[in-house]
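Engineer: The lines below spell out each chain.
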Amino acid sequence: MLRIIAKSLRTGVLTEVQPFGTQPSFGFPVIDFSRCVACDECARACPTGAISTATPEPGRKTVTLSYAACIQCRDCVSACPEKAVEVSHDVEVAAYTREQLARTASFDVEPSSGRGAFARVEAHTGPSFQESADRLRERIHGRLGRSLHVRQVDAGSCNGCELEIAATTNPLYDLERFGVHIVASPRHADLLLVTGPVTRNMEVALRRTYEATPEPRIVVAVGACGCSGGIFGEATYASIGGVDRVLPVDVYIPGCPPRPQAILNGLLVAMGIREARLGSVAASK
Amino acid sequence: MSAFAAVATALGVADASIRERRPGELTLEVEARTLPDLADRVSAGLGGRLVSLFASDERSSLGRFVVHHVWSLAKERAFLHLAAPIDPATPTFPSIAAKYPAANWFEREIMDFFGLAPEGHPNLSRVALHDDWPDGAWPLRKDFPDDRVVPRLSGDFHPFRPVTGEGVFQVPVGPVHAGIIEPGHFRFGVAGEPILYLQLRLFYVHKGTEKRFERLPWRHGISLAESISGDTTVGHALAWAHAIERLANVEPPPRARSLRVVMLELERLYNHIADIGGVATDVAFTVAASRAQTLREGLARLQDAHFGTRLMRGVVAVGGLKRDLPAGGEDALRVHLEGFKKEFEELLTLLTSAGSFTDRVDATGVLTRQAALDLGIVGMAARASGVDTDFRRDHPHDGYEGLRFDVPVEEGGDVRARLMVRAREVEQSLSIIRQVLDAMPARSDTPLVASLPDRLPPGGSALGWAEAWRGPCSHWVATDERGEISRVKINDPSFQNWPGIIQAAPGNIIPDFPVINKSFNFSYSGNDR
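Residue numbers (my numbering), protein chains in the order written: chain F, 1 to 285; chain G, 1001 to 1529.
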């Protein structure tokens, strides 16, 4: 016993005062659209369709990058012949809708070379960050205050997201100091922290868990698979896809898996303490 | 005697009928009706252990299904792959499960996914498909499109075994559990606190992964392999990469092979320390649990600093690695792991000298050696029940040939034995990493990844494997006539090991079940895929 106390005294407090703002070597890819020629190489390299291109009309092309499906493999960075795909060091990314996680740029295509010239960044559909934040605050209505009880639901995950969610409870991140407590039953929970892809075989259990959660209940989708189906895709025989295919989702935390501070950040966004954003380097320039 | 001659003699076939299409992978086409007899010969005559048993649908090219038995022949340092064609007009194959329970789930999965019935199987109920899936839809057949959404049958009617008797009742647990863990359903039959028996209902997180591989371009397969089981990213990425490398006849550069060993051992370290902490959590020894979590977080950050991601995702490439260590990485790894070793030894002393801890782990959740052998238990769980098996030694891959390491084996089969095997494996992993770093081929300007053909050889197949922290991961990959992926069979050790917990739980009390479960820590996602 004495030895345990001595060791604990020597160790001291490990909890990091400021878990946010660290700069890992890689957050999400960022396309510098002014250098992009809409050549398709990054879209071909992307295993999940997080980057896609389309030709809405002759002479015009669009390039879309969505963090919802991005598994952070960096294959787009090395695939780009124009070196237009850069690296962001910001991982504290969250949004209120799937659309908010995507940026689309339009390009005028030069007919002879097929090269695109950047025209503009398109506005995403649906509400803005501010509108969503207001709506969530209104719905939750201050009823939760600064305490949040969380039930985690693995609705199909590979377990990678669970490892990082569990890491938020370790002594270094210590999520309980933010008033966040992981509870054992949905009946005690304010918020469901759901990972995906939602499988056919977990859909019923997920719906029942949601029904067992008292109002006002918040749903947070975690990870590329929870946000979009990720590498497993949507509407296959076994994978339904993103959590929003089954439940109304209030906050999306992308990443494969999202780092512990990204999960903490997303929870604080759901509580209205932090603001949702795509990162310090926006996907549009 | 050569591996060929030994195998031919034991099986009673001509040498010439056995082919070694890839090094260490002996292939033999056999008649399906001979499979049970061959299983006896392989098991008794060659000491074979079942690695995998699966089917493939070759109706469009060759007008047949094929049932595959893959055995590990540790003495011969080879795998024996028996391939038995099945006529689609009579969609059955002979079962070996009554005699070799290791084949039990494998054969039922073939029934669920391919509609081929294992004749003579003692339990023909479904294992993979859930009850709301209709009969007659077999998702791994080639004529079943992966985007076909099959309507649910209504009802909630899984036939659990009933319990009867005074004071005897059932406790249902899951699929949504109380902790931050994966989903699965446990149905305990109990008399008071002691468990009489345990029934499992898994496959809640079945994601159609094997079918998904058939849809993705092969170059994207590595990302899917990394997501088979989140805590075994490196293990499954290597098994996949090895299969493709063997198929395409590509050899990774020596430095990549060495770094792959470092990564696989780091993965072993962080999982073992996390699970040791998990057992401490489950017996409410919070000081030890916190220290284990801290050590584990240290490794996640070490991995982040050296490989760019905390769980080492996006690093393994087919043909090598996507990136090298940062400058000075070797030394930083050495320094961190020296400190880790000291802390780990202190933690182990703390645990083993606390009576309140040892009381809970000694003689808890015993999986006997005989049960482990009968069920074909693999990896760490097998070694804790006295079964000496390790692909790193028996079928060396990457840079393991020539390294000096022990394969720790414990006889007890209880939670303590699994903890001690893990603790001794931590020591071995640290020694392996040191050896590899000391002999690391120097950096050069040549890339860490071998060049790959644009297209895989058509009509080929190969087995890839890696002994990950939980046990052997293996992938069998086949290509069609265009060189696209036509079938991938994924083996996660959890699929072979889950039945072990049905044997280990009875006789223990329910509050000990989380401790038993954590000491094994099987993957649900790896099992369900």
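Please note that the accuracy of each hint is not assured.
[Said to hold, decoys possible] Negatives, chain F to chain G, calculated, CB over 10 Å: (1) 47; (2) 162; (3) 197; (4) 209; (5) 259.
[Stated by the list, open to error] Using 30 Å as the maximum straight-line C-alpha spacing, the simulated DSSO-like pairs for lysine-lysine come out as follows: (6) G:1341 to G:1322; (7) F:83 to G:1342; (8) F:7 to G:1075; (9) G:1075 to G:1099; (10) G:1341 to F:7.
[What the hints assert, rightly or not] Some chain G residues flagged as far from chain F (calculated, every beta-carbon gap over 12 Å): (11) 1064; (12) 1101; (13) 1133; (14) 1162; (15) 1166; (16) 1171; (17) 1223; (18) 1254; (19) 1288; (20) 1298; (21) 1332; (22) 1369; (23) 1388; (24) 1393; (25) 1440.
It is worth saying that the hints were derived from the structure and are not from the lab. Note that beta-carbon positions come from the ideal geometry of N, C-alpha and C, so glycine has one too.
Engineer: Taking C-beta pairs only, is residue 1101 of chain G more than 12 Å away from all of chain F?
Structural biologist: Non-interface label stands for residue 1101 of chain G: nearest chain F Cβ at 25 Å, farther than 12 Å.
Engineer: Beyond 12 Å on every Cβ pair: is that true for residue 1171 of chain G relative to chain F?
Structural biologist: At roughly 15 Å from the nearest Cβ of chain F, residue 1171 of chain G sits farther out than 12 Å, so the non-interface label holds.
Engineer: Take a quick look at residue 162 of chain F and tell me if its Cβ sits farther than 10 Å from every Cβ on chain G, holds or violated.
Structural biologist: Check fails; 5 Å does not lie beyond 10 Å.
Engineer: Measure nothing beyond the straight line between the CA atoms of residue 7 of chain F and residue 1075 of chain G; if it is 30 Å or shorter, mark the hint as holding.
Structural biologist: violated (48 Å)
Engineer: Just double-check residue 1388 of chain G for me: nearest Cβ-Cβ distance to chain F has to come out over 12 Å.
Structural biologist: holds (29 Å)
Engineer: Find the nearest Cβ of chain G to the Cβ of residue 209 of chain F and say whether that gap is larger than 10 Å.
Structural biologist: violated (5 Å)
Engineer: Are all C-beta atoms of chain F more than 12 Å from that of residue 1288 of chain G?
Structural biologist: About 9 Å separates residue 1288 of chain G from the closest Cβ of chain F, which leaves it inside 12 Å; violated.
Engineer: Is it the case that residue 47 of chain F keeps its Cβ farther than 10 Å from each residue Cβ in chain G?
Structural biologist: Violated: least Cβ distance 4 Å, not greater than 10 Å.
Engineer: Confirm or reject: residue 1223 of chain G is not an interface residue toward chain F, with every Cβ-Cβ distance exceeding 12 Å.
Structural biologist: Per Cβ check, residue 1223 of chain G is inside 12 Å of chain F; nearest 4 Å; violated.
Engineer: Are all beta-carbon distances from residue 1166 of chain G to chain F longer than 12 Å?
Structural biologist: Given that every Cβ of chain F is farther than 12 Å from that of residue 1166 of chain G, nearest at about 30 Å, it holds.
Engineer: Minimum C-beta separation from residue 1298 of chain G to chain F exceeding 12 Å: can you confirm that?
Structural biologist: violated (9 Å)
Engineer: Is it correct that the beta-carbon of residue 1369 of chain G has no partner in chain F closer than or equal to 12 Å?
Structural biologist: At roughly 29 Å from the nearest Cβ of chain F, residue 1369 of chain G sits farther out than 12 Å, so the non-interface label holds.
Of the hints listed earlier, those the structure fails to meet are numbers 1, 2, 3, 4, 5, 7, 8, 13, 17, 19, 20, in rising order.
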